[in-house]
Amino acid sequence: MPVFFQLLKREAIEHRNGMILTPLIVAALIALTMLFGSITGSQMIDIELSPSDRAEIMEELQEELDEENVQVETALGIGLFTLSVPLLGISLIVSLFMLLGSLYDERSERSILFWKSMPVSDTATVLSKLVTGALLIPFAAAIVSFGVQLFALLVGSIFGSVNNLPIGFGVWTMAPIFKVWWTITMLIFFGGLWAAPFLSWLLLASSWAPRTPFLVAFVPIAAVSLLEALFNKTSWFITSVADRFSGAGLLERLGERLEAFEEYGERGLDGSDLFISFGDIGAILAMPGLWIGLIIAAGFTAGAIHIRRTKTL
Amino acid sequence: MSAVISTRGLAKSYGETKALRPTDLEIPLGRVVGVIGANGAGKTTMLNCILGLLSYEGELSVLGREPYKDRAQLMHEVSYIADVATLPRWMKVGQILDFVEGVHPKFDRAACEARLTKTKVRKDARVRTLSKGMLAQLHLAIVMAIDARLLVLDEPTLGLDILFRKNFYETLISEYFDDSRTILITTHQVEEIEQILTHAIFIKDGDVVVNASMDELAEQILAVEVSPDQEEAAEALGPIHKRKSLGRIIYTFEGQSREALEALGQVHRLGLADMFVAKMQG
Numbered sequence: 017m018p019v020f021f022q023l024l025k026r027e028a029i030e031h032r033n034g035m036i037l038t039p040l041i042v043a044a045l046i047a048l049t050m051l052f053g054s055i056t057g058s059q060m061i062d063i064e065l066s067p068s069d070r071a072e073i074m075e076e077l078q079e080e081l082d083e084e085n086v087q088v089e090t091a092l093g094i095g096l097f098t099l100s101v102p103l104l105g106i107s108l109i110v111s112l113f114m115l116l117g118s119l120y121d122e123r124s125e126r127s128i129l130f131w132k133s134m135p136v137s138d139t140a141t142v143l144s145k146l147v148t149g150a151l152l153i154p155f156a157a158a159i160v161s162f163g164v165q166l167f168a169l170l171v172g173s174i175f176g177s178v179n180n181l182p183i184g185f186g187v188w189t190m191a192p193i194f195k196v197w198w199t200i201t202m203l204i205f206f207g208g209l210w211a212a213p214f215l216s217w218l219l220l221a222s223s224w225a226p227r228t229p230f231l232v233a234f235v236p237i238a239a240v241s242l243l244e245a246l247f248n249k250t251s252w253f254i255t256s257v258a259d260r261f262s263g264a265g266l267l268e269r270l271g272e273r274l275e276a277f278e279e280y281g282e283r284g285l286d287g288s289d290l291f292i293s294f295g296d297i298g299a300i301l302a303m304p305g306l307w308i309g310l311i312i313a314a315g316f317t318a319g320a321i322h323i324r325r326t327k328t329l
Numbered sequence: 425m426s427a428v429i430s431t432r433g434l435a436k437s438y439g440e441t442k443a444l445r446p447t448d449l450e451i452p453l454g455r456v457v458g459v460i461g462a463n464g465a466g467k468t469t470m471l472n473c474i475l476g477l478l479s480y481e482g483e484l485s486v487l488g489r490e491p492y493k494d495r496a497q498l499m500h501e502v503s504y505i506a507d508v509a510t511l512p513r514w515m516k517v518g519q520i521l522d523f524v525e526g527v528h529p530k531f532d533r534a535a536c537e538a539r540l541t542k543t544k545v546r547k548d549a550r551v552r553t554l555s556k557g558m559l560a561q562l563h564l565a566i567v568m569a570i571d572a573r574l575l576v577l578d579e580p581t582l583g584l585d586i587l588f589r590k591n592f593y594e595t596l597i598s599e600y601f602d603d604s605r606t607i608l609i610t611t612h613q614v615e616e617i618e619q620i621l622t623h624a625i626f627i628k629d630g631d632v633v634v635n636a637s638m639d640e641l642a643e644q645i646l647a648v649e650v651s652p653d654q655e656e657a658a659e660a661l662g663p664i665h666k667r668k669s670l671g672r673i674i675y676t677f678e679g680q681s682r683e684a685l686e687a688l689g690q691v692h693r694l695g696l697a698d699m700f701v702a703k704m705q706g
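In the order they appear, the protein sequences are chains A and B. Quick note: the first sequence uses this note's numbering, first residue 17, plus one each step. Quick note: the second sequence uses this note's numbering, first residue 425, plus one each step.
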């Protein structure tokens, strides 16, 4: 779909700061912190540990490694996930503001008159903005975070071998790097689908807002939440919105496993429990909430397309 | 398909306000049509309907399509500059060309770049750094590199200096216009486009009051310098406009034969701007 590709490319150019520059800056900060930490860590090992303490720690580490490789793999996997969390979290915020601005900014800067002079349908345009917010921005952040993970393994393996730890360059074979990448990719993809009703609501607000799309998007959410709290004494609506935005509902399965890992960690846990399997994908696809959300998202998106088509100025 | 634009009862209202009253038009290929009217007369409304940017009442067919339903498809054959400075300010010139090349099958990038080399617009410049004149040059270079059947220009030279404006229209006619295209232009600088127009449409309060070729207009609308003693005879012929100048009275007539008018005094051809003023004030 070459025209659609051109539209995505245009979005990437327009949002290069939020999509590429911001993750790179955050990644650089994380990398610097790691570097600094490993250098001071090395110094501490040299200065503060007596040779006997050091030997003891080495022994313990070696024992654990000998016992069960899987547990180390799982621990490394969690470490790698953790490195991606800040970047993915920031990409949520970037997506939120990108979508709120998307169909509003082109009207306020009047470039919509130029875009509409091209043989590109409103449907393709609006969908390109949704795909950018739901998938492209998080994926860009994820790819940068994969770089951070590799850097962490590099620093870790150098740190390990410089300090004669039992695990040095061995992390490269033990770290479940591809499983982590696969899991993050699937989380983003299904997270995007899960969040679609919220994201397309932002798009609808952006297409309609006479000014400040942020208020147009969030005042109704706040109002409904308030009414529900006042009259029903519940907070289902706001919880659902937050769940959709953060992807919490999807992470539930993974969350249960993390708890299990903490409880049974001592005994060792099957590392594959940490990663998304095809069975998980089936389970996600079987969630009615996913499909209900997609139907709602289709409605909001159709609304945004209609408004983009009819409200040029 | 002979008509580029064909309307029957094309109208547009905003609530009680009638921006465009029911209009019938047939505009074939090979014309340069000036759409002339006062501020708020409905020129832009009409053009925006034609471009698929506005909904409308009545029938409107542009190159056989309904613009409002079929805008994206129609834009293969139609290009336009609807306002000054609509190019996205955050893009670089080269990125805009990449985009247009990517989405528009009838865009000739080489021709566009060749035209840009004659200007000060550099490909790596960001649009927000370009001057008004450069923006217009860039936008014009883009639309002229699109092999369209209909080109619509709504005040394309607003805020630009006289040298640029002259050059703009000359280029448009010498390098772009031919029998296979129609150009629709609105501007307040009527004198500047007069030479390039084949036809003119006058709009007054949402009504198309004139739709004729320049030759027809030159035949139909004539001015006569009348001495005071001929005033009564002139009034009897039903002038559409009258003004006094240096002791002479200048009457403007529509649809009177040149012979009949020559009996009153010296007959002049009118410029488009004077015809417009006569029609609007009459």
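By construction, these hints were calculated from the structure, which means they are not laboratory data. Being a predicted model, the structure only gives us computed values, none of them experimental. Treat each hint with caution, since some may be false.
Unchecked claim - Computed from the model, here is a short list of chain A residues facing chain B with C-beta under 7 Å: (1) V19; (2) Q22; (3) L24; (4) R123; (5) S124; (6) S127; (7) L129; (8) F130; (9) P135; (10) V136; (11) S137; (12) T255.
As the list claims (entries may be wrong) - In silico negatives: residues of chain A with every beta carbon more than 12 Å from chain B: (13) P18; (14) G57; (15) V110; (16) T139; (17) M190.
Glycine residues also receive a C-beta, built at the ideal position from the N, C-alpha and C atoms.
For each hint, the structure was consulted:
1. V19: holds (5 Å)
2. Q22: Result: holds, 4 Å to nearest chain B Cβ.
3. L24: violated (11 Å)
4. R123: Cβ of R123 of chain A sits 11 Å from chain B, so the hint is violated.
5. S124: Where the cut-off is 7 Å and the nearest Cβ of chain B is about 11 Å from S124 of chain A, the hint is violated.
6. S127: Holds: closest Cβ of chain B sits about 4 Å from S127 of chain A, inside 7 Å.
7. L129: This hint holds: L129 of chain A lies near chain B, its Cβ roughly 4 Å from the closest one there, short of 7 Å.
8. F130: holds (4 Å)
9. P135: For P135 of chain A, the interface hint holds, since the closest Cβ of chain B sits about 4 Å away, which is under 7 Å.
10. V136: OK, holds: V136 of chain A within 7 Å of chain B, min 5 Å.
11. S137: holds (4 Å)
12. T255: At about 37 Å, which exceeds the 7 Å cut-off, the nearest Cβ of chain B leaves the hint on T255 of chain A violated.
13. P18: violated (7 Å)
14. G57: Given a closest Cβ separation of 43 Å, the condition holds.
15. V110: holds (16 Å)
16. T139: violated (9 Å)
17. M190: holds (44 Å)
Consistency with the previously given hints fails for numbers 3, 4, 5, 12, 13 and 16, ordered from lowest to highest.
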